[in-house]
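Chemist: Dock chain B against the given chain A, drawing on the hints supplied.
Sequences listed follow chains A and B, in order. With the first letter of the first sequence counted as 1, position 90 gets the number 109 in this note's numbering; the numbers rise by one all the way through. With the first letter of the second sequence counted as 1, position 201 gets the number 1420 in this note's numbering; the numbers rise by one all the way through.
Note that these hints are calculated values from the structure, not bench results. One should not assume that every hint holds.
[Claimed, not checked] Taking beta-carbon pairs under 7 Å as the criterion, some of the chain A residues facing chain B (in silico):
id	residue
1	N96
2	A107
3	G291
4	S395
5	G396
6	A397
7	I399
8	V404
9	T408
10	P409
11	L410
12	A415
13	A416
14	N420
15	A473
16	E476
[As the list claims (entries may be wrong)] Distance windows between CB atoms, simulated:
id	chain 1	residue 1	chain 2	residue 2	range
17	B	D1321	A	S496	49 to 59 Å
18	A	T384	B	F1234	38 to 48 Å
19	B	P1255	A	A75	25 to 35 Å
20	B	D1263	A	I341	42 to 52 Å
21	A	L101	B	K1265	30 to 40 Å
Glycine residues also receive a C-beta, built at the ideal position from the N, C-alpha and C atoms.
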Amino acid sequence: MDRARKIALWLDDRLRISALFASTAGHEVPASAGSWFYVFGSATLLCFVIQIITGACLAFVYIPSTNEAWTSLQYLNHAQFLGWYLRAVHNWGSNFMVAIMTLHMIQVFLFGAYKYPREMTWISGVCLLLLTLGMAFTGEVMRFDQDAYWGLGIGASVMARVPLVGAQLVHLMLAGPIIAGETLSRFFTLHVFIIPGLIIAIVSLHLRLVLTKGINEYPKPGHPVHKATYDREYAEILKKEGVPFVPHAIGKDLIFAAIVIVGILGCALIFGPRGPAGPPDPTIVDTNPRPDFYFLSVFAALALVPDWMEVFVLFVAPALLIAFLIALPFISGTGEKSARRRPVAVLIVIFIMLVLGVLTYLGQTSPWSPHMSAWSGAPIPVNYVKGRTPLELRGAAIFQNKQCRTCHSLGGEGGQRGPALDEIATIMTRDEMVRQIIQGSGNMPAYGKKLSPAEVEALVAFMETLHPLSVPPVRNSDRPENRLPRDVAMVRPATGRLNR
Amino acid sequence: MPMAAARGVRKEYSFAAIALVGFLSLTACGKPTERPIMPPDVTDFKTLFSENCAGCHGMDGKNGPVRPLNDPLYLTLIPRETLEHTIENGVPGTAMPAWARDQGGPLYPKQITALVDGIESNWTKSVTLGSTKLPSYDAGGDAGDAAHGKQIFVRSCFMCHGKGAKIGLVTDPSYLALVSDQNLRTSIIAGRSDLGMPDWRFLNLGHALTDQEISDIVAYLASLRPQGAQTATHVVESGSGQTGARTTGNEGSGNGPGSPENQTANQGSGGKGVGNARTKQ
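Just chain A, same shape as in the assembly:
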C-alpha cells in the first residue's frame, strides 16, 4: 500500500496531475452557472469524443477507395458483427452533435455570454460550428453512395460559380476535373485528419478561454455589462458564491451526458445507420438524392429561390452570415445580458429557427420535385374507377399514361407541382379543362400537340367525374342548372356525365 502511494506521489510530482486538475476541473465558477442551461457545451464535446471513438473504429474497416468504400460499408452493415451498430452510433452521434451544438449556440446567444470579455470564446465557437458542418458534409461523402455522389456534384457546381477562379476551386475540391478516386481520398483526409485536428485545436482554445475568462454567470435582468466594471463584478461574484467546477457544477453535466449517451445509443438501436443508398453509379439516373438533415434547409432554399437570386444565396448570404456571427460580440459587446431585456435577440432566434425548420421540412418533403414514377406506381383511387363509363375509364388510363400524375396528385399520391385534381370538376368546366390541357398556362405546359382529340375527350370525361359526392360539378352559366329531376340527380351525382 505504501509503495503504491509512493509511486502515485512520484508520478504526480513528475506529471503535475493534481495541479493540473486543481487549475482546470477545480477552477471556480459562479454557483449560478450550475444550471440546466449550461449543460450543452459539455454535451457537444461528449458527442465529439464519441465521434472520435466510433470514427476510429470505423476506420479499421472502411476503405477510402471508390471501388471499395461502398462495399466496405455494406460489409459493416451486413457481415461485421455489430458493424451496423457502430455506423449507427457514428451517424446518430453526428446528428446529436449538430443538434446540441445548435442548442449551445442559442443558449450562449440568449444569455449574452458572447459579450465582453468573452468575444474570442464566441468567435472560436463560430469556427467550431463551421468545422462541425464541414465534418457533416465530408462525412456524407464518406458513405460514397448516390446521395454522396450527387451531393459532390452539386457542391462542385456551386464552386464553379465563383467568378474567375471557379474552375480552379472545383479542381481543388474534387482533386481533379471529375469525381474520382482522388476525390474520395481528399475528403477522407479532410474528414479524418485535417478537420478533426482543427476541431481539437480550437476546442482546446475554447476551453482555455472558459478557464481564463470565466464562465458566464446566470444573467440577471438589470445588470448590464460595462467594460470598465465587469471584470471587478465577476471577481466579486466568484468571491461571494464561487464554487469549484468539480464536484459542484459538474453534476448536471454528467446527468445530461448520460441522457445524451442513452439517446445516441437508443436512436442508433431503433433507427439504425443511414444508408448507404445505391452505389455511386452516375449511369443510374433513377435516384432521388438529398443531403443529410443539416443541409436540407440549404437544399430547399436553393430549390426555391428564383434564378437571379442564386449567386446571392450561394455566396453573398453565407459570407454575410459568417461575418455577422464573428462581428456580433463587437456589435453588441456590452449592455443587458438577460434575454428578458433583449426582445430583439429572442425574436431573431425564433425567426431563424422557424426559417430553418420550415426550410428543413420543405427540403424533406420537396413538394417541387415531380414524382416521376407516380404514373406507373400510384394506382388511380378505386372510388375514381368504380361506376365510371368506358370512356371515363379510358381517360383515367390516359391520365396515367400521359404522366399527368408526375405533377398532379390524385388521392394524395403524385406530384405537387400542380394542384391536386381530386375536386377539379368543382372548379373547372369541361371547356376550361380542354383549354387548360391543350394550351397550358401558369406553370403547366401545353399538351395540345401531345394528345389526340380522342385522348383529350377521354381525359376530360374522366376529370369531369372528379368531384365529391356532396358537391356538384360546376356548369357553364349558359346551361340550365339541372336537366334532370332532382331526385335522379341526387341518386347518381358521382358521374358528371349526367349533368352535361
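Modeler: For chain B alone, kept in the frame of chain A given last:
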C-alpha cells in the same frame, strides 16, 4: 433461509438481465436487413408490379381503369406468349406502353419474365366452365359481320352500354379510338370481374355468345371507330407473328414509358369523329 433469499434475488437479477437483452434485441429494428438493389436487378414480382403496372392495372391487379390482370378467366384465356409480348411491346395506339428495354421501356427481359411468372403464379386459378367452350383469345383474322354484330349488340349489350344506360356508351367514337379490337374482344369474353361486367356466358339471355358472335360485335364496334384511328388494324399476334408485330410496336413507341412524347399519328384523322362526338352531347 437467507441463502434461499439471496438465490431468489440473484434469480430476479438474471431474469431482468435476460428480459433486458431480449427487449433490446427485439427493438434493434435499426439493423439494416435489405441490401440496396439497383433497378435493373429487381426481380421481385410485387415490387415490379407495384412500381410499373399498378398505376393502371390497379393495386393487386384489379380495380384499375384498364383490364384487370388478377382475373383467372382472363389468364386462362390469354396465351402466355401473348401476355409476355404485350408487356414487351405494348399496344400501339392505346395507353399500354412498351416495357422492354429494346422498345424504349425500362424493363430487362428477366424482369418481364418475372412479371409474367408472377402474374400467372399469383392469380391463375382453375376456372370451371362446365360444358361451355372458352372462345379463342384472338379472332384469328376472322372479320366479323358488322350488321349481325349490331343485332347482337342491341340485344345483349344495350342494357348497360346503350345511350343513357347505366354503365355508359361503348359506341362512343372517342372510346373506340382508344381501344384495340383485341381489347374489345377480351372485354366481351372475360368481362370485368372487378367492376361487375359479366363474362361472355352471361351477356346473352339463353346461351353463351359464340366465337362468331363475339367477332361480329367487335366488327360492329370497329365499324363505328373514326376513320384512321390506328388501333383498328392492330392485332397482337402470338407465336410466329412476333417479328412483324415488333415493327408495329416501334411505330407506336412514342407511348413508351421512357418518353413523354406521344403519338400524334391519329390526331388529324381522328379529329372528325371526335368533333361529331362532341356535338352529339
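Chemist: So which of the earlier hints does this model not fit?
Modeler: The structure breaks none of the hints.
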